[in-house]
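Undergrad: Spelled out from the first residue to the last, the chains are:
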Amino acid sequence: MATTLTARPSSPAPAPRSTRPHRFGSPLRKSQRVAGYLFVLPTFALFVGFVLWPIVYTAYLSLTAWGGFGAPRFVGFENYRRMLGDPVARRAMIVTLVYTAVTTVVLTFLGLFIAVLVNSVWKHVGVVVRTILFIPGIVSFVVSGVLWKLIYDPNIGTLNQILGGIGLDSLQHPWLADQKTVLPAIIVVSIWGGLGFNMLIFFAGIQGIDPSLYEAAEVDGANKSQQFWNVTVPSLRVVTGLVVSLGLLNGFKAFDIIFVMTGGGPNHGSEVLGTYLYSLAFGSTSGSIPQLGYASAFSVVTMVLCTIAVIVQLWLTRRADR
Amino acid sequence: MTTTETIRTATPTEPVGHKPFRFPLGKSFATFVLLPFCVLMAFPFVWMLLTSMREANTIFGGTFFPRKFTFAGYSTAWTSIQFPLHFWNSVWITSVTVIGVLVFATLSGYAFAKLDFPFRNTLFVLLLLTLMMPSTALIIPLYLQLKAFGLLDTQVGLLILYISGSAPFAMFLMRAFFQTLPDELIEAARVDGGSEFTIFRRVILPLTRPGIATVVIFQFLQTWNEFLIANTVLRNTDSLPLQPVLFSLMGQYSTDWPALTAGLTLSVIPVVVVYVRMQRQFVAGMMLGAVKS
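One line per chain: the protein sequences are A and B, in this order. Sequential numbering of the first sequence, starting at 1, is according to my numbering. Sequential numbering of the second sequence, starting at 1, is according to my numbering.
Chain B with its partners taken away, still in its complex shape (with noise of 0.2 Å):
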């Protein structure tokens, strides 16, 4: 939070000298605006918890607030659609397309920013142009590839999509990072002899967390969402990874609405926890986004 607020201070909002005391009108009637917007939209997150929490023949006609907290719609989403099986699956499908993405964007993303080679700039316009195509325009090629290399209905597949959709937005926000770094560094490293590999590992990279931080947290909150892909190209149902699952829970568990939203809050405890602890390298990422693009 430290840096949002340095920011903050540094605008000319708080009044400057000694002025007489005036009633804070204007910050008054913002408050009033801006709190009970906030309700309003917090509203289906609060109604979420409260009905995960309710007793199930309490759905029709119950108060708004349960009488009675049980916590048996936990129970049974956690043990009759596997959840610690799917969740795994999200883990893990997340985990290694972030390190992925990671990899092949920090490389990229130097490269382009730092390192002088030919067709270096049609190479990253060729990138660049395809940046925002999005996977509803792809998906029947993409599906039709998997399946004609044998990779339909495996996690791999999957994994590669990802990483490759993924990759070159990374490269991106991180090419936008490295431009930061000056140059003589570089040419220092290379003066005392360093291979490229070595002053990019050694001295750039350490440089850089801040980027590595962003990337890690935008792409994981955007894996972790992933529907679209997933649901197309995974058939087994142990191998689907928390958000189609989520989906034919609506079906399956049309009437029993305690489980089902405590699937669906059970699901959103990673990305809340997340967003939480690390709000402002997310913030810092968003932002970086969105001056560079």
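If we strip away everything but chain A, and leave its shape as in the complex, we get (with noise of 0.2 Å):
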């Protein structure tokens, strides 16, 4: 970087910001340059250290098989390889994919419903909800996890008390021992903590729409219907993109909440592409030799995933634009 830095006073200045012209001379000009590169130097090195470095990192590790001793032992894309014949790898993709899927769609759904809601009633009733709405999504995944798993244990957990103490016996269940109900139990937490956030998205962007819309639409004799689909929908186009991209982004980065509801469990059924990764990396058995490089071909396949969500947002945003 050392070369980018070094400004050298010959160098062409940049195209004005404005159409203005510069009332001023080189020497303020230069101690802008100076000054610009000094405010921007600490941050910049930290990131190029800890954020640019190791992403380089990884993408050298994942075409490595390295123990974590000695030198890593270049084996080109044989982890990727690997990685298509590993059926707990395969297990972990499909869930990371299911799990995003379901909780962006609910998330941005059900955000926007409720916000609505709370944008039709009394002031003081939104302002309540808003408020406990949101509290899920403030504690940590740790806290909301253990929460969680209290609620859904098997034996003494609230939520099978509670079907027993109504009479639904039948329905009781080891939620988060079942293969088939681990999942949807964990999806149902993620909804229950990323809700408040998405439904403030939405009730700020149907806030922040031009009133003069509406009463034009209502000159022109539309119902409150069809004022929800020809006027609020289309000018929450930018942010429904936000929101669908963040839930695209939490979904793919998934790793708190289910280390701690499930650890992956059971037998890999709510495994996904972070918890895998981690278990390779860091072991949950002990003993095991940790597998960086191919737990590093796993960070790879979440980058590009979280960078396809961020194309998507940008994607969105343009249309919005035109």
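If you're looking for bench data, these hints aren't it; they were derived computationally from the structure. Computed from a predicted structure; not experimentally measured. Positions of the beta carbon are idealized from the N, C-alpha and C atoms, including for glycine. Mixed in with the good hints there might be a few duds.
[Stated by the list, open to error] Listed next, the in silico BS3-like pairs over lysine-lysine satisfying Cα-Cα at most 25 Å (straight line):
(1) A:Lys180 to A:Lys149
(2) A:Lys224 to B:Lys27
(3) B:Lys147 to A:Lys123
(4) A:Lys123 to A:Lys224
[Stated by the list, open to error] Label pairs and their computed distance ranges (CB to CB):
(5) B:Thr180 to A:Ser31: 18 to 26 Å
(6) A:Ala222 to B:Gln179: 31 to 39 Å
(7) B:Ser195 to A:Ala222: 29 to 37 Å
(8) B:Val46 to A:Val116: 20 to 28 Å
(9) B:Ser239 to A:Asn267: 56 to 64 Å
(10) A:Ile162 to B:Ala72: 24 to 32 Å
(11) B:Leu129 to A:Leu213: 29 to 37 Å
(12) A:Pro174 to B:Gly251: 17 to 25 Å
(13) B:Asn121 to A:Leu171: 52 to 60 Å
(14) B:Ser95 to A:Asp210: 27 to 35 Å
(15) B:Gln179 to A:Pro211: 20 to 28 Å
(16) B:Ser195 to A:Leu213: 43 to 51 Å
Fit the two chains together into the complex; they arrive one by one in their own frames, and the hints show the way.
TA: Set out below in structure tokens:
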């Protein structure tokens, strides 16, 4: 980076920011240039050392076999080939995609629905509702994970006790210990935690819509539902793009909530890319050699997925600009 | 609450003019749907509070509302897991991270918003492209890097990872705030002969207090709740912040639910206090992040 950062005084000045002609001579411009670099330098140095370099290094490690000692052995795309034949990897990929798709879709529609309701009630009711709905989103995934693990507990968990109490004993279930119910059970917790944030973003989006659009629609004789589909929904395109891409990002990088509640189990039933790479690298079973190269390949896959999520958002926003 | 309410009154939902009284059917219906939903959403927390004040032997088969309240769970959580020590670790790790991120993010955010220097856009795009890289994907190289620097199992190492990981996003937020300030302000200060740093500190920073408050709250929540990195790079029990400790509690106190839920409740208190007291800045910050990105 050193070459980029040495500002040569003779280097051509960049195009002026505005159409206004610069009224200042070179001493001021130069001090601005120096200050600019000095102000940016600390952040950029940390960024290069602890974000950019790790990205490059993971990409390199994903092409090696390495147990953590000695030098990594270069193996080309062997790790990626191994991934294709690994049933757990395939399982983790499917679970990640299902988890991401379901949480994103539900959080988007439910978030919009609740935001519309909150926008239509009396002011004070809306404030109370917003405050309550947002609280699950501000506690950590460890807290919500532990809390829900207790609620789902097969023997003395509240959910099963309630089901028993209202005579639905037949529905009692070891929610987190059954491969069929573990993923839906975790998805419920993720939606519980993420709904408040999405609702609030949509709510702000609705509040930001120009009231004259509704007045015009009313003059044209549009009823409430027509106003919703023809004014509210189109105006929320950018906001929706944000909600969708955040949903995708949060899904692709999912780790904490699953690690806390099930650790990826039972029998890989809730294994996602994050939990699998973590157990490969940092070993949930002691004594096994860490597989840092293979685990890094999953890091690369995660990064690619997250980049796709960002591109989706840019694409949705771009379309809205037209 | 004032800003949200002024925005609220600007919406056209209130009837205008003299209409005959009509029963507010829509509002009542919406309230009718929302209130049970809120109860459902709040239920886990209510349950957490009630369980934390139960007697340990009434967990199985006791009534939903405990007949007798006790704080035995809290005293167990407080003493037997050294709660004050870990609470303090969380407080100071979070404080240093917030301050560090704030210093880095205001300086670079201002430079990217208002200063002209070669390669400005290139550097910015580079920072932007990697803004969304999750720690899940970077945890392996970060761990190896701390190991190479001999910073594994130290709070200093954890702080470096926290600050470097969060500074770019905070920079992005701060840049959006700085962009709302008029250029003329800075140019006038330059004519008056202030150095760039003096202008930044004396003229610009005081004007960005709302932005700073937003970054502080956002960063506080994120750092306080962080689990993955802390759980991976710290092994020495005494240096752990709260989240990894709460996680390990689950195994240790798997049957003592009052103590377990008491620990959870205690860990949540600072977050809820900050949220309730500074809700306005928090919401404003999220909106800004949402609109600008």
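Undergrad: The structure should be examined with respect to each hint, and the outcome stated for every one.
TA: Against the structure, the hints come out as follows:
no. : hint                             : result
1   : A:Lys180 to A:Lys149             : 16 Å, holds
2   : A:Lys224 to B:Lys27              : 13 Å, holds
3   : B:Lys147 to A:Lys123             : 54 Å, violated
4   : A:Lys123 to A:Lys224             : 19 Å, holds
5   : B:Thr180 to A:Ser31: 18 to 26 Å  : 24 Å, holds
6   : A:Ala222 to B:Gln179: 31 to 39 Å : 36 Å, holds
7   : B:Ser195 to A:Ala222: 29 to 37 Å : 58 Å, violated
8   : B:Val46 to A:Val116: 20 to 28 Å  : 27 Å, holds
9   : B:Ser239 to A:Asn267: 56 to 64 Å : 35 Å, violated
10  : A:Ile162 to B:Ala72: 24 to 32 Å  : 25 Å, holds
11  : B:Leu129 to A:Leu213: 29 to 37 Å : 35 Å, holds
12  : A:Pro174 to B:Gly251: 17 to 25 Å : 18 Å, holds
13  : B:Asn121 to A:Leu171: 52 to 60 Å : 58 Å, holds
14  : B:Ser95 to A:Asp210: 27 to 35 Å  : 42 Å, violated
15  : B:Gln179 to A:Pro211: 20 to 28 Å : 26 Å, holds
16  : B:Ser195 to A:Leu213: 43 to 51 Å : 48 Å, holds
Figure legend: structure checked against the earlier numbered hints; hints not met, in rising order: 3, 7, 9 and 14.
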